[in-house]
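Enquirer: Those sequence lines, one after another, are chains A and B. The numbers in our numbering rise by one with no breaks, and the one at position 487 of the first sequence is 487. The numbers in our numbering rise by one with no breaks, and the one at position 32 of the second sequence is 32.
Incomplete in silico selection of chain A near chain B, CB under 7 Å: (1) A284; (2) E286; (3) I296.
Within a straight-line C-alpha distance of at most 25 Å, the following computed DSS-like cross-link-like pairs (lysine-lysine) qualify: (4) K449/A <-> K407/A; (5) K303/A <-> K4/B; (6) K98/A <-> K47/A; (7) K222/A <-> K169/A; (8) K41/B <-> K448/A; (9) K279/A <-> K449/A; (10) K185/A <-> K169/A; (11) K420/A <-> K398/A; (12) K407/A <-> K435/A; (13) K359/A <-> K310/A; (14) K41/B <-> K450/A; (15) K366/A <-> K350/A; (16) K114/B <-> K303/A; (17) K244/A <-> K213/A; (18) K245/A <-> K219/A; (19) K450/A <-> K398/A; (20) K196/A <-> K180/A; (21) K23/B <-> K303/A; (22) K114/B <-> K310/A; (23) K310/A <-> K23/B; (24) K279/A <-> K114/B; (25) K449/A <-> K41/B; (26) K4/B <-> K128/B.
It is worth saying that the hints were derived from the structure and are not from the lab. Ideal Cβ placement from N, Cα and C applies to all residues, glycine included.
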Amino acid sequence: MVDNGEHILVIDDEEVIRSGCQHILESSGYNVDLADNGQTGLDMIMKNDYDLVLTDIMMPEMDGMQLLEELQNLEKEVVTIVITGYASIESAIDAGRKGAFDYIPKPFNPDEILARVERGLQQAKHLQEVRRLREERDRNLLEISNERARTLTIINSMSEGVIATNRQKQVVLMNPAAIKMLRIKRRRVIGQTVDKILRMPDLVNTINEKLEKVTETLKTTKLEFDTPDERVLQASITPILDEKKACIGTVTVLFDITKEKQVEQMKSDFVSHVSHELKAPLGAIEGYLDLVLDGITANDPQKEREVIEKSRNRAQSLSHLINDLLDLSRVDRRSPAKEMEPVQLDGILKETIEFYKSKAEEKSIKLSSSISSDLPSIRGNEQDLNRLFANLVSNAIKYTPENGTVKVKLKQINSHIRVKVSDTGIGIPEDVRDKIFDEFYRTDNALKKKISGTGLGLSIARKIAEEHQGYIEVESNVNEGSTFSVTFPILKSST
Amino acid sequence: MAQKILLVDDDADFIEINESVLKAYGFETESATTSEEAMQKLRQGSFDLAIVDLMMEDLDSGFNITYAIRDDENLRELPILMLTSAPKKTGFNLNFPEGKEWMKVDDFAEKPLKPAQLVERVKKLLQKNN
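Excised from the complex, chain A in its bound form (with noise of 0.2 Å):
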């Protein structure tokens, strides 16, 4: 007996019928159940899923035609076939109309029945395929919508503009970021022609020429452009071909790089600063060293000797600026393993005011200072702290005049502890005062005085007091002197 592994419900009162047709299936080959009335059998087909229904139509509790739209309401596809003792057209075709796929005319033979079982489960096959297909069909139209939806939403998410063209230079796509990028204040875009919405001719033109040259290739072009309001966005403009690799549209693709442009020409001002700074004193070391080499000053010892002497100054002076340009690269580095611990500012400031107690004295400077101790801790790293006290007070003595004085003065003000250097000295114009912080600045006065500097003092210190979330700040009156202080949070635990 083979085991067919089909399923099938016979669903009749008669108990003679019910065995007949079991006997007759299972010695075929087919798994069958059995049910004596409709509603019973109804269970059981929404509880199983049976491949095939074999019912009667006069039943109690429910006759097979109820049985019938029973399934139909219910929506459950199975294939029934109707044993009818009347075999009646009408019967049957009332029985087709709600839905029975054939129908067995009693009283029926086992070859009779076998053959409308096999032609029922054939059905059966069909319609499951037809389910499945379906079913793939519905699962595969929403996994398109869903993919739409989703590169929609990716993007008109990006930070990078996306404009998107068809062959005839309307734009089909323009996502949030390029409207805003290029400032666009129109509200219909879609549709538009590129021309009417992008005041960038290099950027049309490019456009146009993907849309027209016959282009093998998916070739990007990338240019830069400057926005009137003096921005620089990046283009990358890429064909879309089709199978036949005419081009159907275009793709541009645009990047704020405003920044990066900005980080660049610092840099590279920077850079050329530089090598300006460090080229000047080795280039007076070397005329010094040929005046002495050439024998210039051979017949004059002192000269020769003066000459040597202004060479080791100019050497010493590129040494300072080096340490400067050190100092300046390790405060930039804002490495996280930079330790920062909790640190008292009154002893730093002592040492900084004992270092500097001699060039203070060279200079007749009188050097005093008010400092409290036991004030709070703050949040630190002690040589850089370190660097931006002898930066300040080193700028005091040195802008100062001869017999002035330059006071130190430690305090806690609320939640902050404000550290205050004045001096008597030169003072700053205020017209340059926010100009003092920035790399190299010097100002004029300084520059008459000649009085020597690298002009990277007070932008390490500037550096400092920030990564110690401070800040600093000046007040100055030219001729009388300036006040800078600088001002750090108090650490927390420590209050």
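With chain A held as given, fit chain B onto it using these hints.
Expert: Below, chain B without anything else, positioned relative to chain A:
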């Protein structure tokens, strides 16, 4: 009579170096550290040559002196040797093609110049003008 040269540079060391060299070769020199001082001295004294540093405290004051000299009726013919410590990479094209003199100077040299080279260039410029 010794020929007189004005040295214009905001770096006192370069003035001293060039002065020492030129004096040793028998030239008379004067110096200026700003463009105003330079123009004042040029208008007052009679100079045979000006040696001007390109990058004075601000970038273009070296240029400005050369323009001021060429705009001045009495100084127009004064030979100018421009010195620079600007590295070539900064974009200053110091070798322009013949006839395209966008900078109105007679010669260019990169600092530092060996004493012999300085004197040679100075002599050449002075000869050309005589």
